[in-house]
Amino acid sequence: MHVILFLISAMCILPFILLVISSVTDERTIYLNGYSFIPEKFSFDAYQYIWQDADRIFHAYGITIMVTLIGTVCGLIITASLAYPLSRKDMPLNKFLSLFVFFTMLFNGGLVPTYLVYTQLFDLKNTMLALILPSLLTNAFYIMLMRTFFMTSIPSALIESAKIDGAGEFFTFLRIVLPLSLPILATVGLFLTIQYWNDWFNGMVYITDSKLYSLQNLLNRILLDIQYLSSSDFGTQTELAADIPQESTRMALAVIGVLPILIVYPFFQRYFVKGLTVGAVKG
Amino acid sequence: MTQLAFQKRMNKTKKYFVLFLMMVPGLAYLIINNYLPLFGIIIAFKDYNYSQGIFRSEWIGLENFEYLFKTTDAYIITRNTILYNGGFIILNLIVGVSIAIFLNEIKNRFMSRFYQTAILMPYLISMIIVGYLVFALLSLETGFINKTILPWLGISDISWYSEAKYWPYILTIVHIWKSAGYLCVIFLATIVGIDNEYYEAAKLDGATTWQQIRTITIPLLMPVVTIMTLLQIGRIFYSDFGLFYQVPLNAGALQSTTNVIDTYVYRSLMTLGDIGMSSAAGLYQSIVGCVLVFISNYIVRKINKDNAMF
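Just so you know, the sequences run in chain order A and B. Using our numbering, the first residue of the first sequence is number 4, and each one after it goes up by one. Using our numbering, the first residue of the second sequence is number 1354, and each one after it goes up by one.
In short, the hints are calculated from the structure, not lab data. Check the hints yourself; a few may be wrong.
[Said to hold, decoys possible] Derived coverage of chain A by chain B (criterion: at least 3 residues anywhere in the stretch with Cβ under 8 Å from a Cβ of chain B; other residues may be distant):
no.: 1; region: 151–165
no.: 2; region: 180–187
[Unchecked claim] Covered stretches of chain A (in silico footprint by chain B; criterion: 3 or more residues with CB under 8 Å from a CB of chain B, positions within the stretch not fixed):
no.: 3; region: 19–25
no.: 4; region: 53–61
no.: 5; region: 197–204
no.: 6; region: 214–224
[Claimed, not checked] Computed far set for chain B versus chain A, every beta-carbon distance over 12 Å:
no.: 7; residue: D1426
no.: 8; residue: A1427
no.: 9; residue: I1482
no.: 10; residue: Y1519
no.: 11; residue: G1595
no.: 12; residue: S1621
Positions of the beta carbon are idealized from the N, C-alpha and C atoms, including for glycine.
Please build the complete structure, drawing on both the sequences and the hints.
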């Protein structure tokens, strides 16, 4: 049992280790031997190179952090304030509104109409909002998740008694329901954070201005550029190749992109597993 | 109406008014993000023209669809989408359930945590990073497989990024690698929830571990497995865009085996600017997708009412 699981775990982790080792491998060694777990020669040139070009990377980092922060906070507020009234069975129109929300999970207009709404109607192309808005309430799934939590884990007697004590609806929600809902808030918040941190699709679709590139988009650009150059036989190839980061630098960039998640992940694993489970069983 | 009753009614309106107010941002968002684009579906039936906009462009009936289904594209993308996702569903199931059962047998809590952490790790990273990892393995000149593994086996270099025939396997492996942890955690949670008494009774009767798995774990896991599978079947027409676009690095030479409906819609919109065709393909996807969701939800309902989505 241990042998099999160990092998599977190794298969999951080894690519990451290859990535990290490649990023500290000497450039010449990579050209001669390829990426390898046991390189002949180590070198931190790649990180030094990145440090020289830090502006661009820090800028992309900044965009990613900002988008992640704003997106997660706004997403949580909107999700919770939509899910709470839906969880109240005594609310009029409850059935209709729930259907209104859940229908969005079943059928959508597709990429083209959505793209046109955001670019033609709201003119969000090349704005930071384009990175945040399209994923704010990506799936009604989170709303369902929270609604189920509010329904099953917050005793309605508690809400009743708050009412008797004269608390308004909003006050009850803010001071009584939310503090009791920290587990679900943490779970959904974590999902949103990961989603925003990893998002590259919105950037690819709505952003053409490199000033607004998020980290993932920058990484994407670098990877695709290199593939394009190495697969074409342009005479200018060497000239261009001098501009783009070399092999180890590319891997170093990927390390920088993935590191925050890998560092934070073990601390949040508990919540994450809980969140997945709740989502699956109740979803 | 007495003074008191009136007062009561006012209070009630006021009370729910606050609740409704709370929902306004969320509902407004859904209207803009999800309902407004629904009207855009008519683009599929129009000869879309940027200067004239959606409503003033000319109606052309089903021409976009005719055009789409006459090309070989429609066949290839439908075939790829269904075969890939169908294969993923089956393999996910086998791999996910097996790992979950293995994990459940591990009594050492530290090691169990370690394995879980490792297996779930790929689930957390973006497809861009996955693209980098795959590139580090498969690159023609510097990839780990071409430089270390193949020479060791005595095979000459393979140009992975220009040979379409390898990609069904590569994409399947990458997909399983990335998503197995997620399913495994869900199945594991169900297994952990199984009442211990069953196992104790089985042990008293002298059942081996394998017999316990076969007669207790698997049957009790079946409801969750069925639901998860049906949910995935409902989404069989939607693919993981990142997997099919980023991991093959958008290489044109690979499109016969890497193009799916999602990447097709994206490419016809962004690269070719063919709005009519891409919205026709998008609508085709949405409608079939929606029908499949209804069918699988109907089946879920038949099996277990609590697990149905609606």
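Hints, verified against the model:
no. : hint    : result
1   : 151–165 : violated (count 0)
2   : 180–187 : violated (count 0)
3   : 19–25   : holds (count 4)
4   : 53–61   : violated (count 0)
5   : 197–204 : holds (count 6)
6   : 214–224 : holds (count 3)
7   : D1426   : holds (16 Å)
8   : A1427   : holds (16 Å)
9   : I1482   : violated (5 Å)
10  : Y1519   : holds (16 Å)
11  : G1595   : violated (7 Å)
12  : S1621   : violated (9 Å)
This entry does not satisfy hints 1, 2, 4, 9, 11 and 12, going by the numbered hints stated previously.
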